[in-house]
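2 protein chains.
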Amino acid sequence: MPERLGPARETPLFECVALIGIGLIGSSIARAARHLNLAHQIVAIDASDAVVARVRELGIADEATTDVAAGVRDADLVILCVPVGVCGRVAEAMKPGLKPGCIVSDVGSVKASVVAQVQPHLPAGVHFVPAHPVAGTEHSGPDAGFSTLFHNRWCILTPPEDAADEAVERVRAFWAAMGSNVEVMSAQHHDLVLAITSHVPHLIAYNIVGTAADLETVTQSEVIKFSAGGFRDFTRIAASDPTMWRDIFLHNKDAVLEMLGRLNEDIALLARAIRWGEGDKLHDLFTRTRAIRRGIISLGQETPEPDFGRRRESQ
Amino acid sequence: MPERLGPARETPLFECVALIGIGLIGSSIARAARHLNLAHQIVAIDASDAVVARVRELGIADEATTDVAAGVRDADLVILCVPVGVCGRVAEAMKPGLKPGCIVSDVGSVKASVVAQVQPHLPAGVHFVPAHPVAGTEHSGPDAGFSTLFHNRWCILTPPEDAADEAVERVRAFWAAMGSNVEVMSAQHHDLVLAITSHVPHLIAYNIVGTAADLETVTQSEVIKFSAGGFRDFTRIAASDPTMWRDIFLHNKDAVLEMLGRLNEDIALLARAIRWGEGDKLHDLFTRTRAIRRGIISLGQETPEPDFGRRRESQ
Chain G
474 MPERLGPARE TPLFECVALI GIGLIGSSIA RAARHLNLAH QIVAIDASDA VVARVRELGI
534 ADEATTDVAA GVRDADLVIL CVPVGVCGRV AEAMKPGLKP GCIVSDVGSV KASVVAQVQP
594 HLPAGVHFVP AHPVAGTEHS GPDAGFSTLF HNRWCILTPP EDAADEAVER VRAFWAAMGS
654 NVEVMSAQHH DLVLAITSHV PHLIAYNIVG TAADLETVTQ SEVIKFSAGG FRDFTRIAAS
714 DPTMWRDIFL HNKDAVLEML GRLNEDIALL ARAIRWGEGD KLHDLFTRTR AIRRGIISLG
774 QETPEPDFGR RRESQ
Chain P
474 MPERLGPARE TPLFECVALI GIGLIGSSIA RAARHLNLAH QIVAIDASDA VVARVRELGI
534 ADEATTDVAA GVRDADLVIL CVPVGVCGRV AEAMKPGLKP GCIVSDVGSV KASVVAQVQP
594 HLPAGVHFVP AHPVAGTEHS GPDAGFSTLF HNRWCILTPP EDAADEAVER VRAFWAAMGS
654 NVEVMSAQHH DLVLAITSHV PHLIAYNIVG TAADLETVTQ SEVIKFSAGG FRDFTRIAAS
714 DPTMWRDIFL HNKDAVLEML GRLNEDIALL ARAIRWGEGD KLHDLFTRTR AIRRGIISLG
774 QETPEPDFGR RRESQ
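Chains as they are written, first to last, in this note's numbering: chain G, 474 to 788; chain P, 474 to 788.
Derived from the structure by calculation, the hints contain no laboratory data.
Among the clues, some could well be false.
Put simply, identical chains are the same to the list, so a pair is met inside one copy or across any two.
In silico BS3-like pairs for lysine-lysine, Cα to Cα no more than 25 Å straight-line [as the list claims (entries may be wrong)]: (1) K754 with K726; (2) K568 with K726; (3) K698 with K726; (4) K698 with K568.
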């Protein structure tokens, strides 16, 4: 339902936008930018010849190339849409092509590491405004994207303290135009918030599914058969892209380990309450967690889909 | 859509069925048994005068009473539909009323503890066939039940080794008639299987929501705001009934602590892999967990609703 995006702009926000990495996110930005007239020209850059060929077939960009430096040459906004682990290498490759005044951004689920990887490669006069659209689906590749992916989702910007206000505002306007609610915070704070709201939940889900698969007393077919009792929803996120998630954990190590440590302390308390039959402690916690649930419902962030932040269907 | 239940039987399976505890499960059994003509007479027993009055208003039983011993007097099937923690007390109360040859069953999410609590109170000549329908919703009380709750859900029977075959077959037929897929296993094995497929996932969900609520570096409103990144689905099960879940953890202590221990060992390995940057180990696990996910999808146990075994709407 592209009509949810609202009408196209009469004048584009940017002259030329270059997208590096045309997977789900990159191709969704291309489609939305085209649909909303956010850029006069859209350049798609990808390391894979096959992806570049497919982008040409789909016609979702004005130009498509595997040459990073050449691809970013005319861009006044460059967005890295690659796994967090390769941001540094990509930044190095694009460095010779960046034009003065250009804004560089990204879409990574981790921010401090991206800043540390990318910043050293940016020439003076190039602005850096890291971004994280909290959106996605289970699917990947240039065919998976759709123009409304970011509609009504949060996009977090983590500009460095010395970032030019105008550059931040232009990136904010870009995401707001695609329907996102834009929030600004520090990269460090972003990484803490996402560690508890996204990264650790994913880690736990992967882990519980792995533990279940290794049991010798319970067969895998029993786990599958009786998964409706709660386990099933854990498997859903445990089917997410392994490479993307590996990079997230490796690059948000400190915050993930800190949150995991706290979680383990709390689990130890719960286990102790169970072992010693302290029903009141359990009841208190189970009652308290309802308040957060109510908060989510009242903020309209509850949806019937168990998408863990990923859209299941285009809309 | 009661038509999914199939036609009513010409002759009932039981002369008189007594249900003790008329909440979601008890009232759903009453409705299904009535609809399918599984019993000539349905007696509803509840400790609460208000519930008994409501059952009379709803007309979902032929008789409703707070007197346990009197209520079970004519029953050839008695089903305990009370929290796992009070099964022993209820069994003691019904003991004087049970007639010879009667079958006693239950619906608890834990089985070994229920057997230990109930068995001592059963006179010789009374059969005991514990059962666990893996079904439910977030709602409770006699108004919450519906006749198709058990349709296409698993029901696990855990008869003692010396149980009379005929009694087991009659309970199996009762649940099969309500649309359930019936499986038989030992009470001990049931408690292990459910610990990993249901109890520990719920415990983890309660725990992660509790941990998030206690953070001093991330505000509760941030947790709520960015919950779509994965956290949201944990809050859903963390809103389940506190009393029911307290009893489950206290009464499946050994299996829950064993599974939690294994989970913690595996989390420790994962944390170590993250700390030391062992990306291959992470990638291997994340790839392996996809197989279980595929198994769930191919077994048709995947649904679009994140219901954690609970139906969200009657159907």
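Results for each hint:
no.	hint	result
1	K754 with K726	between (31 Å within a copy, 15 Å between copies)
2	K568 with K726	neither (27 Å within a copy, 59 Å between copies)
3	K698 with K726	between (35 Å within a copy, 23 Å between copies)
4	K698 with K568	neither (53 Å within a copy, 36 Å between copies)
Checked against the numbered hints above, the structure breaks hints 2, 4 and satisfies the rest.
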